[in-house]
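Using the sequences and the accompanying hints, generate a full structural model.
Quick note, this note's numbering runs 63 ahead of the 1-based positions in the sequence shown.
I should point out that these hints are in silico values taken from the structure, not numbers from a laboratory.
Cβ atoms here follow ideal geometry from the backbone N, Cα and C, with glycine treated the same way.
Careful: at least some of the hints might be erroneous.
[Said to hold, decoys possible] Simulated restraints on C-beta separations:
{"#": "1", "residue 1": "Pro320", "residue 2": "Arg160", "range": "34 to 42 Å"}
{"#": "2", "residue 1": "Pro115", "residue 2": "Pro220", "range": "54 to 62 Å"}
{"#": "3", "residue 1": "Arg318", "residue 2": "Asp154", "range": "35 to 43 Å"}
{"#": "4", "residue 1": "Pro217", "residue 2": "Ala100", "range": "52 to 60 Å"}
{"#": "5", "residue 1": "Asp362", "residue 2": "Thr249", "range": "30 to 38 Å"}
{"#": "6", "residue 1": "Ala277", "residue 2": "Phe153", "range": "47 to 55 Å"}
{"#": "7", "residue 1": "Pro217", "residue 2": "Arg93", "range": "55 to 63 Å"}
{"#": "8", "residue 1": "Val323", "residue 2": "Val151", "range": "45 to 53 Å"}
{"#": "9", "residue 1": "Thr97", "residue 2": "Arg161", "range": "51 to 59 Å"}
{"#": "10", "residue 1": "Arg161", "residue 2": "Leu74", "range": "39 to 47 Å"}
{"#": "11", "residue 1": "Glu185", "residue 2": "Gly123", "range": "55 to 63 Å"}
{"#": "12", "residue 1": "Leu72", "residue 2": "Arg129", "range": "13 to 21 Å"}
{"#": "13", "residue 1": "Arg205", "residue 2": "Ala313", "range": "28 to 36 Å"}
{"#": "14", "residue 1": "Ser293", "residue 2": "Ser358", "range": "28 to 36 Å"}
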Amino acid sequence: MRDLSSVDLNLLVALDLLLETRSVREAARRTHVTPSAMSHTLGRLRDLLGDPVLVRAGRGMVATARAEALAEPVRAVLADASRVLAPVVFDPAGLVRRFRLVSTDHVSTILVGDLEARLTREAPGVDLDVVPLQPETLEELRRGGVDAAIGVFPDAPPELRATALFDDRFVTVCREGHPRVGPELTLDRYLAERHLLVSPRGTPVGRVDRELAAMGSTRRVALTFPGFLSALWHVPQSDALLTVSSRLVASVRPRIPVQVLETPLDLPPYTLVLLWAPRLEGSPEDAWFRSVVRSVAADLGPIG
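In structure tokens:
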């Protein structure tokens, strides 16, 4: 069997045209080369096949018996190659698949309602698993256990692909009618109060505490919660303060009555990104899913 790595597969295109037209001149015209160049190509085909391919017959040319036998197989190979190399036409309306998206309950609350609506409208056969953010999330992305992840990933390895989705910032909330907290929250009052903290691992240290430590201060974390929503639901029944996402508070405030205050610390806004593995770059299904996530995130608008 001949080693295909040594064969110019463009010769098959020329062979197909030569067998169809039975003319070097016409095959040259169709491929936009000179007749002498096509004649040279015919010579290469003869060397490759060990057969004349086309021979003179009167004022024209006819195919040899072997060339006639090759006509249909060559046409089939070229048709298969065209299908392989053709751009993928992807229609989400016909997609049946289950995507797995990692996110915190903070992001899920903000995005997933609108995301589900878009998926249902554009791809009714698509289902979605929203998976909690875990320490092993980045490894899951690499291994293919999940399709994408949303969060703040300062230590994401460079081989993972990332795109910014939206910005957010911290605000502090307390119950309405708090006996000691008014509309203006000072740093002294902030430090004097008890605090709630979202900490999936139950560790009473978060970004605010690290910021305070840099200032030489501390606060009392009286209660930790594994998720943002459970912490927010607790605020109306406690005097403790909670420092949390501005977007999350805006999305649940109609259902959870809280007083929203500016946090008396220099906590700059942060960016949530969408991560995925490079192995998914060529998948039209995954590219479409990520585009829907980005579109839903873009509709959030500026931070409140």
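Now for the hints, and whether the structure bears them out:
The given range of 34 to 42 Å is respected by Pro320 and Arg160, whose C-beta atoms sit roughly 40 Å from each other. About 59 Å separates the C-beta atoms of Pro115 and Pro220, a value consistent with the hinted range of 54 to 62 Å. Between Arg318 and Asp154 the Cβ separation comes to about 38 Å, which falls inside the hinted range of 35 to 43 Å. Between Pro217 and Ala100 the beta carbons are some 58 Å apart, a value that agrees with the proposed interval 52 to 60 Å.
At roughly 36 Å, the beta carbons of Asp362 and Thr249 sit within the given window of 30 to 38 Å. At roughly 49 Å, the beta carbons of Ala277 and Phe153 sit within the given window of 47 to 55 Å. Distance hint check: the CB atoms of Pro217 and Arg93 are about 58 Å apart, consistent with the given range 55 to 63 Å. With their beta carbons about 47 Å apart, Val323 and Val151 fall inside the hinted range of 45 to 53 Å.
Distance hint check: the CB atoms of Thr97 and Arg161 are about 56 Å apart, consistent with the given range 51 to 59 Å. Distance hint for Arg161 and Leu74: a CB-CB separation of about 45 Å, consistent with the stated range 39 to 47 Å. At roughly 57 Å, the beta-carbon separation of Glu185 and Gly123 lies within the given 55 to 63 Å, and the hint holds. Between Leu72 and Arg129, the C-beta spacing of about 19 Å keeps the proposed range 13 to 21 Å intact.
With their beta carbons about 34 Å apart, Arg205 and Ala313 fall inside the hinted range of 28 to 36 Å. The beta-carbon spacing between Ser293 and Ser358, approximately 29 Å, falls within the hinted interval of 28 to 36 Å.
The structure agrees with every numbered hint stated previously.
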